[in-house]
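Protein chains: 2
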Amino acid sequence: MVMDWSERFSPYGRRAKASEIRELLKLLDQPDIISFAGGIPDPKLFPRQLMADVHAEIFADEALSNQALQYSVSEGYGPLRDLLVAEMKSLGITCTKDNIVITNGSQQGLDLLGRLFIGPDDKVLVARPTYLGLLQAFTASGPTYGDIAALTGPAPVRAKLAYAMPDFQNPSGETMTLAEREALLEGARRSDLMVIEDTAYNKLSFDGPLLPSLMELDIAREGDIENSRVIYCGTFSKSVVPGLRVGWIVAATPIVQKLVLMKQASDLHTSTLAQMTLAKVMECLPAHHADTLCDTYRPRRDAMVQALEEFMPEGVTFTRPGGGMFIWVELPEGFDGAALLARAIAEERVAFVPGSAFYATQPKLNTLRLSFSATAPEKIREGIRRLGALIAREHNGMSRAATA
Amino acid sequence: MVMDWSERFSPYGRRAKASEIRELLKLLDQPDIISFAGGIPDPKLFPRQLMADVHAEIFADEALSNQALQYSVSEGYGPLRDLLVAEMKSLGITCTKDNIVITNGSQQGLDLLGRLFIGPDDKVLVARPTYLGLLQAFTASGPTYGDIAALTGPAPVRAKLAYAMPDFQNPSGETMTLAEREALLEGARRSDLMVIEDTAYNKLSFDGPLLPSLMELDIAREGDIENSRVIYCGTFSKSVVPGLRVGWIVAATPIVQKLVLMKQASDLHTSTLAQMTLAKVMECLPAHHADTLCDTYRPRRDAMVQALEEFMPEGVTFTRPGGGMFIWVELPEGFDGAALLARAIAEERVAFVPGSAFYATQPKLNTLRLSFSATAPEKIREGIRRLGALIAREHNGMSRAATA
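Taken in sequence, the protein lines are chains A and B. Following the numbering used here, the numbering of the first sequence begins with 1 at its first residue and continues without gaps. Following the numbering used here, the numbering of the second sequence begins with 1 at its first residue and continues without gaps.
Hints were generated in silico from the structure; no laboratory data involved. Quantities reported herein were computed from a predicted structural model and do not represent experimental measurements. A few of these clues could be false.
For identical chains, the list gives no copy identity; a pair is met inside one copy or between any two copies.
Calculated lysine to aspartate or glutamate pairs in the EDC-like style (CA-CA distance at most 20 Å, straight line) [stated by the list, open to error]:
#1 K160 x D32
#2 K123 x E7
#3 K160 x D4
#4 K44 x E333
#5 K44 x D61
#6 K17 x E309
#7 K160 x E226
#8 K89 x E382
#9 K44 x E57
#10 K379 x D4
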């Protein structure tokens, strides 16, 4: 007898659904497709030789390698947390090791935070559009969602927490101004909400220094990280490598203590070897590594912006990000990003992510996310040219249909 | 203003509590303590040179190392899943790659399974005592618990699933007989329950071959893994190294598909490099590696059993495991393992884990878990001698108090 498993799943098990992005990542394997789909770092930027040297160094030392291969504590490898204290200091945030827990990339940080804070009737405020991974992680707790823009209105908002990616947001590429940051925090105080600050792309600032983080601004006002309502999620995925799955959370100690217990229950600890490796990489990576990343990605951003200006028909708008990996495109009303993707792949061999996946509620179907991170400028230009031609054809067809 | 975080936590956040084991692991750092506390593999048994060679090999190849450091798919590295299909075949279980998802050790497997199946009103059947990590992982879903022994009674049991570690159980060291396995499965069929089979210690069989796994027995009866109600959790933590955090789940494809979605939402994927490393280690590790492990741990088991027979006062009983890492001790009524631990550390410099942590409900306070895995035989003998002396002193004191 074949069992009917679906009847046995928990409410979360039933809610868990396949993501469009994931299905799309498979398209990257087809070599004739120009893919703007995944937010994938260019592997040429991985500090491969340094990683090789660091592993060789660890394995040359018996005690060190035994430690690297053994169980370790759930809060994370001490020297890595020490280095992150210094890193946070350089970002204007004073904290101690006890304010830091290591996670499997920032995705696990979001998963643990959702489980720590969100009960079944809680509301979470997110941007429109917002990061898909946040929506996936929070599916476990099944909150309702509201628009984070409501926070800056005059009335308090009844919600549990707000989630924001202030720098070079995935998917929009947009950066919050200093005034917007202050207004978000002011709104969070008025409504007594916590704020999760996702800083995944903050090393990829192409046009100048970063603005102060939400956590830095909140600590400046509240006097101490222990009084801050901001919870900071960091990751090595965009600044070093994503494959080792190492990130971190910075927060007031009562939060970190709970996260450590939950981390222990969910997978004991992040790979000891991966943590030791990233600690040594942090010590040895040249200071100009971030410049190297930006010097590679900036011309790709420039090429994409220029090509969009040149090839997109009238009525198409798009963002001009100051960093990160993404540009957000809005098409005229009536377009459907998912239908366009099917034609883009079939007719033009170009891929992207339909924007609807990035909305917690009421998706705008006429939107797309384009990533410029993994494609050379000439290929970006060619891909946008093809995409622009397809959109122009579709648009003309729609106009004719409307007039007919 | 200092924020009151505890009011903001979810029901799970409030339930998450510190574990005694975790606090005790810190004692291992004090060199004069003889610790039988953690279930830690002996690092001398790590295939350190092979791991070093495998890493060097991966980093010598540009394409391979770029792949190792890049994002990868949530279900896990294909070649590792292929090798695990062969490994499962050698264990009598026929499955395909689609029946396997890679997890961060079996602990994450348990976490994902709890979240997939357990809703708030569900009941889970566990042994008395049972694995602490299962109880921690399932805290997220907050089930009620029943005794797995009820499954073999005449009446059906109303519950969602049963959890069992049939070989060299943590913490008891006990192995289920073939008749007990068949009875458990028969009971699970009668009550229409799923069964999670945790095989963490199955490479550590000191005295002969393993009995058939629950999954093998169930497939033999149901004809195909797709019809099996058993979900198999495996790990490299005891057979290779624990520090890389790599394990796997084997189950019917509808379950694996859901687990892949949940894995993606919780941390995208397990470290690509760690998975590639373990795939190469599986290919290169000599077939006699498991014998090497057993040849090291067997004399430790023997030394501990012998010392317990020699030094424990009358009224103390203990298990005689055929493998694994643990012996379970029951003291006379009136003893409290936690109180004994405090005195054992202070007076005898010996550590263990009080048994009460291993009960889902109604803990038996007069129990202890002793691990023999990380201590040389002579030191085991000395530690048990000291512990026996302490227990005898306490017991005499209790008897005098009772007579007085």
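Verification of the hints:
Taking CA atoms no more than 20 Å apart as the test, K160 paired with D32 passes in neither setting, with 46 Å inside one copy and 49 Å between copies. In this homomeric assembly, K123 and E7 come within 20 Å of each other (Cα to Cα) only across copies, at 16 Å, whereas the closest approach inside a single copy is 27 Å. With identical chains, the CA atoms of K160 and D4 are at most 20 Å apart between copies only, with a shortest distance of 14 Å across copies and 36 Å within one. Taking the shortest Cα distances, K44 and E333 never come within 20 Å of each other, neither inside one copy (39 Å) nor across copies (66 Å).
When the C-alpha separation of K44 and D61 is checked against a cutoff of 20 Å, the pair qualifies only between copies, where the shortest distance is 13 Å, while the shortest distance within a copy is 29 Å. Proximity of K17 and E309 under a CA criterion of 20 Å is satisfied in neither setting, with 36 Å inside one chain copy and 56 Å between copies. Taking the closest pair of Cα atoms, K160 and E226 come within 20 Å of each other only inside a single copy of the chain (19 Å); across copies the shortest separation is 42 Å, beyond that limit. Taking the shortest Cα distances, K89 and E382 never come within 20 Å of each other, neither inside one copy (43 Å) nor across copies (49 Å).
Taking the shortest Cα distances, K44 and E57 sit within 20 Å of each other only across copies (19 Å), while inside one copy they are farther apart (23 Å). In this homomeric assembly, K379 and D4 never come within 20 Å of each other (Cα to Cα): the closest approach is 48 Å inside a single copy and 53 Å across copies.
Hint compliance for this structure: hints 1, 4, 6, 8 and 10 are broken, all remaining hints hold.
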